[in-house]
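Visitor: Could you put together the complete structure from these sequences and hints?
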Amino acid sequence: MKRRDPLLIVDGLRVTFDTPRGPVAAVRDVSFVLGREKLGIVGESGSGKSQTGRALLGLLARNGRMAARQLAFDNVDLLRAGEGERRALRGGRISMILQDPKFSLNPVMTVGEQIVEAFRVHANVSRREARLRALAMLEAVHIREPGHVFDAWPHELSGGMGQRVMIAIMMVPEPDLLIADEPTSALDVTVRLQVLALLDDMLARRGAALIFISHDLNLVGSFCDRVLVMYAGRVVETLRADELQSARHPYTRGLLACQPRVDGDGSDLPTLDRDPAWLR
Amino acid sequence: MPEGRTGSQLDRNRSSLLVQAPRQIAGTALSLALTFAGLTAVTFVIARVMPADPVLAIVGDRAHQDVYDAVYRELGLDQPIFVQYLRYLGQLFEGDLGVSIMTAQPVLVDLLRFFPATLELATVATLLGVLGGVPLGVLAAVRQGRWLDHLIRVIGLFGYSVPVFWLGMLALFVLYAKLGWVAGPGRIDIFFDGMVEPVTGLILVDSALAREWEIFRNALGHLVLPAGILGIHSLAYLARMTRHFMLEQLGQEYILAARVKGVPERAVIWRHAFRNVLVQLITIVGLTYASLLEGSVLTETVFAWPGIGQYITSSLFNNDMSAVLGGTIVVGVCFVGINMGSDLLYRLVDPRAR
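Here the protein sequences come in this chain order: U and L.
When the letters of the first sequence are read in order and numbered with this note's numbering, they come out as residues 1 to 280.
When the letters of the second sequence are read in order and numbered with this note's numbering, they come out as residues 1 to 354.
No wet-lab data here; the hints were simulated from the structure.
Glycine included, every Cβ here is placed at the ideal spot set by N, Cα and C.
There may be inaccurate statements among the hints.
Unchecked claim - Which chain U residues stay away from chain L? Per the calculated CB distances, all over 10 Å, these:
| hint | residue |
| --- | --- |
| 1 | Asp-77 |
| 2 | Gly-91 |
| 3 | Met-96 |
| 4 | Ala-118 |
| 5 | Leu-193 |
| 6 | Ser-246 |
| 7 | Pro-250 |
| 8 | Asp-268 |
As the list claims (entries may be wrong) - Stretches of chain L that chain U covers, calculated by requiring three or more beta carbons in the stretch to come under 8 Å of a beta carbon on chain U:
| hint | region |
| --- | --- |
| 9 | 92-100 |
| 10 | 105-114 |
| 11 | 233-242 |
| 12 | 279-290 |
Guide: In structure tokens:
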């Protein structure tokens with residue numbers, strides 16, 4: 001693959017859920033092109049940002065359907081790819097970090113088992129090799145006693161450690177694209193920055209791209225290169241992260257305005273105004 | 001930094017596991033002793049306060065008052081009830097459960113004959129229920145909302161709600177009387193009765209040990225129907241519970257994480273979801289097995305199966321309190337034993353419970 005080629009092309013993505021009350025559109029006509037960069041997707045809950053991420057992996061809930069004009073990852077047509085082909089991509093080339101390690105780690109499998117599994121699904125290596133690789137990976141996510149943690153159970157880990165283990169699991173097959181769905185929302189504020197710094201470091205070392213899904217506009221602005229602002233299943237504005245403060249769309253400006261500030265005057269935060277005209 | 005602390009924290013968890021093990025065993029033994037004391041005390045008191053007169057049951061209505069008094073004293077009924085209870089406990093520890101009025105044999109001898117019949121039936125029925133119900137439940141959950149799921153749910157509803165005695169009679173009529181595919185009521189043909197040395201009391205095991213395959217086949221032919229019918233019942237229940245547990249686990253985040261990793265669907269179901277379901281199933285299977293060991297009077301009656309349910313019931317009707325007490329104690333010990341067993345297994349499977 002040439003360095004210039006886009007890694008991911010999303011054109012006209014739609015995600016619809018069949019509910020007893022009829023179909024509900026969660027993502028309506030989302031398009032973007034991703035290179036080897038860090039893209040943030042920001043929006044309130046229900047804006048369709050998480051479903052966009054899951055659609056890229058082909059992992060919608062049972063009642064979900066997706067359609068697009070084009071959905072291509074590194075010249076692989078994701079719309080035409082069979083389940084086997086998609087599974088090979090999953091984890092191997094596109095991976096995802098979920099919100100809370102308390103729920104996203106299997107409680108009855110040891111940490112080591114879960115890293116080894118992630119590696120061996122994609123690489124034909126012996127158990128011993130996979131174990132060494134897993135230990136190295138634990139070290140890479142700054143876990144000080146990898147041997148100890150390898151044999152630990154998920155409930156014995158703290159939140160920050162758990163998320164670092166999660167990063168180890170999802171990065172061990174060396175994917176080209178990592179989707180991080182609110183990766184730090186369940187963590188203490190103090191460990192949040194550590195985990196983000198670690199993520200940044202791992203991505204840079206491997207030259208992987210990132211889609212960072214969050215509701216926190218400022219966090220995404222400081223961490224990513226580009227930001228997509230979603231509202232009600234649509235992209236309402238795309239910005240370079242350093243231009244965030246000069247956002248033009250009233251929704252983005254509304255999101256920025258309702259962030260509390262340490263040096264603020266303590267008055268009530270403004271409520272978001274929503275205009276049905278945005279959806280046209 | 002949190003890591004520096006966590007290493008030693010893990011150490012502490014490990015070592016506390018070592019310290020805890022003997023303490024847990026001691027605790028379990030103590031609760032076992034208390035349960036046993038409670039069990040015997042309650043059944044003993046109930047047996048004694050019943051308006052049935054154990055002396056009359058032995059000497060008959062027309063016995064002379066002197067005979068009556070002599071037997072009354074001989075049974076120790078002139079003593080206060082707690083003395084009687086302690087005496088009963090003492091005898092119990094010597095293996096003396098009293099003599100059954102109905103069979104004129106020591107209760108222990110009776111129990112050694114009746115309990116294995118129930119044990120054999122309950123074990124085979126539970127095996128059928130687990131081997132059939134658990135995979136069906138998993139299958140139904142994986143195919144949620146499709147026709148296979150509906151079919152399994154209908155089978156489950158049928159198996160769970162159809163009366164055992166009706167299904168038993170029907171099965172006997174069709175499969176035994178009309179088609180002759182299976183053997184009829186009882187544990188074994190009279191011809192073979194008593195031909196193998198009772199080692200365990202389980203005819204299947206004993207005949208297999210003696211390499212008497214004809215007897216083994218005959219006993220199996222007798223066992224198939226009652227075990228099958230009890231098995232369908234537990235199969236239905238276990239399928240329902242497994243489906244429910246499985247759906248619950250399949251909706252968890254760690255399942256999504258496993259799929260993100262690219263784990264094949266079969267491994268997602270069995271390695272990830274089912275291992276968590278197993279934790280919940282252990283308790284349910286234990287309870288099902290224990291309730292079958294209590295003896296199922298209806299099935300035993302329909303199939304003339306000489307099991308403990310029938311033994312306790314008929315002893316009760318005959319005011320044969322030593323037999324009732326002995327039977328109840330056996331059932332109680334089974335319950336406690338199985339609970340302990342599933343507790344241990346549970347800890348083995350679920351690291352959070354250690």
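Visitor: Indicate, hint by hint, whether the structure satisfies it.
Guide: Right, here's what the structure says about each hint:
{"no.": "1", "hint": "Asp-77", "in the structure": "holds (18 Å)"}
{"no.": "2", "hint": "Gly-91", "in the structure": "violated (3 Å)"}
{"no.": "3", "hint": "Met-96", "in the structure": "violated (5 Å)"}
{"no.": "4", "hint": "Ala-118", "in the structure": "violated (5 Å)"}
{"no.": "5", "hint": "Leu-193", "in the structure": "holds (13 Å)"}
{"no.": "6", "hint": "Ser-246", "in the structure": "holds (36 Å)"}
{"no.": "7", "hint": "Pro-250", "in the structure": "holds (34 Å)"}
{"no.": "8", "hint": "Asp-268", "in the structure": "holds (35 Å)"}
{"no.": "9", "hint": "92-100", "in the structure": "violated (count 0)"}
{"no.": "10", "hint": "105-114", "in the structure": "violated (count 0)"}
{"no.": "11", "hint": "233-242", "in the structure": "violated (count 0)"}
{"no.": "12", "hint": "279-290", "in the structure": "violated (count 1)"}
Hint compliance for this structure: hints 2, 3, 4, 9, 10, 11 and 12 are not met, and every other hint is.
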